[in-house]
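Full structure from sequences and hints, please.
Line by line, the protein sequences are chains A and B.
Read in the numbering used here, the first sequence has 197 at position 197, and its numbers run on one by one without any break.
Whatever position you read off the second sequence (first residue = 1), add 256 for the numbering used here.
Misleading hints may appear alongside valid ones.
[Unchecked claim] Footprint (simulated), chain A over chain B, 3 or more residues, beta carbon under 8 Å:
no.	stretch
1	317–331
2	336–347
3	353–366
4	413–427
5	458–470
6	475–489
[What the hints assert, rightly or not] Partner residues are not named here, just some residues of chain A that face chain B (Cβ under 8 Å, in silico):
no.	residue
7	M16
8	D17
9	S21
10	G31
11	A35
12	R37
13	N44
14	V64
15	F68
16	V77
17	H80
18	S82
19	H88
20	Y124
21	P234
What the hints contain is simulated information worked out from the structure, not anything from laboratory work.
For glycine and all other residues, C-beta sits at the position ideal for the given N, C-alpha and C.
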Amino acid sequence: MPSLREVQDGFLNHLMDGDRSRAADWIMADGLTPAGRMQIYRNNLFTSLCDALAAVYPVVQRLVGVDFFRQTARAYVGQHPSRSGNLHDFGEAFALFLDQQSFTQTLSYLPDVARLEWAWHESYHAAEGGPLDLSTLAAVPVEAYESIRFMLAPSARLVDSAYPVLRIWQVNQQDYSGDPEVSLDQEPSRLLILRQGKQVLLQELDQGTFVWLQALADGQPLGASLVRAVAAQPDFDFHTVLHKHVHQGTLTEIQT
Amino acid sequence: MPTVGQNGLIDPIPARAGIGLRGPHYEALLERRPNTGWLEAHSENFFGQGGAPHQYLEALRAEYPLSLHGVGLSLGSVDELDPRHLHRLDDLVRRYQPGLLSEHLSWSSAGGIHSNDLLPLPYTEEALAHFAGRVRQVQDRLGRRILVENPSSYLRYRHSTIDEWEFLVAVAELSDCGLLLDINNVYVSAVNHGYDALNYLASIPADRVGEIHLAGHAANRCGDRTILIDDHGGPVAEPVWALFKHALARFSNIPTLIEWDSNIPTLDLLLNEADKAQRFMERADAIAA
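Written out as structure tokens, the structure is:
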């Protein structure tokens with residue numbers, strides 16, 4: 001009699017690889033074949049994981065079409081099986097996977113669209129961040145300003161791309177009814193993804209702001225982050241940018 | 257800060273019909289506040305730390321008794337219980353204080369890889385000892401009793417030595433958990449494996465049952481056999497209503513849930529299905545009185 005561990009290992013191998021070497025021997029045929037019965041579970045697994053991927057990557061699915069998406073998602077499930085009982089965790093490596101597929105040589109913006117959709121998904125489920133209390137800043141002596149650290153909201157994500165991925169994302173929303181043309185010659189995208197209330201907001205940033213927020217996200221203190229921002233964009237207007245990102249909740253905490 | 261019902265206490269789940277809480281109905285439920293007995297959410301749908309799902313659940317929790325139903329803990333796996341999963345479940349239970357908390361008589365993962373499905377266990381002494389131990393482990397960790405739901409299944413193992421209903425009852429006795437009796441699953445498995453659904457119900461001790469589930473299923477042709485698939489994708493089938501009627505004669509005053517997870521209907525259609533269950537329950541009470 002196989003042990004419970006042998007049953008589960010064999011069953012899962014059969015589900016993932018179609019490896020019939022073991023599991024089929026333990027299953028009653030009962031009017032079908034053991035493999036036919038396993039096929040029901042195999043279909044369930046691939047269907048539910050492909051559905052989960054489609055729920056996180058609706059724009060990628062729309063760009064490549066449902067049939068091609070299913071085929072691609074199936075290959076992804078095979079190479080990057082689910083490692084969590086929580087389906088929200090599934091699909092993180094999809095952008096990387098797309099990058100390695102030969103068809104993205106012609107659809108070169110697709111991995112970046114996937115990165116944007118994963119960032120959206122993470123932002124949607126991230127913890128709430130409180131509003132930044134600027135009075136903490138008032139307590140900091142001016143000479144210590146350069147060493148304070150601004151923390152980004154838990155829902156803040158930064159995505160950059162050589163392609164106009166925001167425009168691609170927008171024209172592929174279900175309720176979009178404007179001009180569907182996207183010129184790939186448009187400016188590269190530097191995006192902030194941030195949740196406000198229930199809504200996930202996608203915002204185009206100028207280069208200085210993107211570099212500054214990226215430096216903060218990397219844990220850089222204010223002084224070093226500003227050096228990077230000004231190097232990227234000499235006319236970087238710190239006071240306006242700070243005001244905006246405190247006001248809209250991009251920044252939620254100051255560590256002194 | 258824990259979120260609790262309007263009265264500030266843990267609302268017990270009433271012995272009424274309730275509905276499964278699904279994303280497409282969040283807005284309509286909050287706007288209309290329909291008269292349904294209670295809501296049941298899938299625990300994992302609220303494993304994120306914030307955002308819209310929790311904002312909706314907070315608001316709905318203030319209006320309705322809430323039950324949490326897990327689909328991903330994988331109680332039956334030989335793999336260690338995932339500490340992240342348990343941690344997130346514990347947070348959720350503390351935050352929302354659900355009236356009932358349930359998991360499945362099944363397994364999902366092996367070697368760290370998850371099927372994200374409810375896979376059947378061999379019903380052996382080894383599996384029984386393992387499963388009962390896992391239920392105890394979870395109950396100890398969460399500091400409360402859970403309900404374990406009978407699965408629907410599409411295969412049986414040659415080496416099973418215990419009938420499913422006996423296995424379920426033994427799990428309840430060994431771990432002192434309650435049972436969630438899914439009438440549709442009893443029917444689906446009884447048809448798929450050719451056993452007697454009434455005998456299944458008759459084997460379950462009434463005092464162990466804390467909740468009943470009803471759902472739709474699909475019929476698939478496999479060669480010259482019809483296999484029923486538990487897809488929760490339509491109304492409750494007539495034979496399942498008939499079996500529910502039998503169940504009500506045995507298990508009275510049990511909260512009953514309508515689950516509808518694929519081809520999700522309008523809220524009205526879902527509420528109609530719950531009203532139908534409620535009428536069955538009231539007729540059964542009238543007969544018993």
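Tell me the numbers of any earlier hints that the structure contravenes, in ascending order. Of the numbered hints, 5, 8, 9, 11, 14, 15, 16, 17, 21 do not hold.
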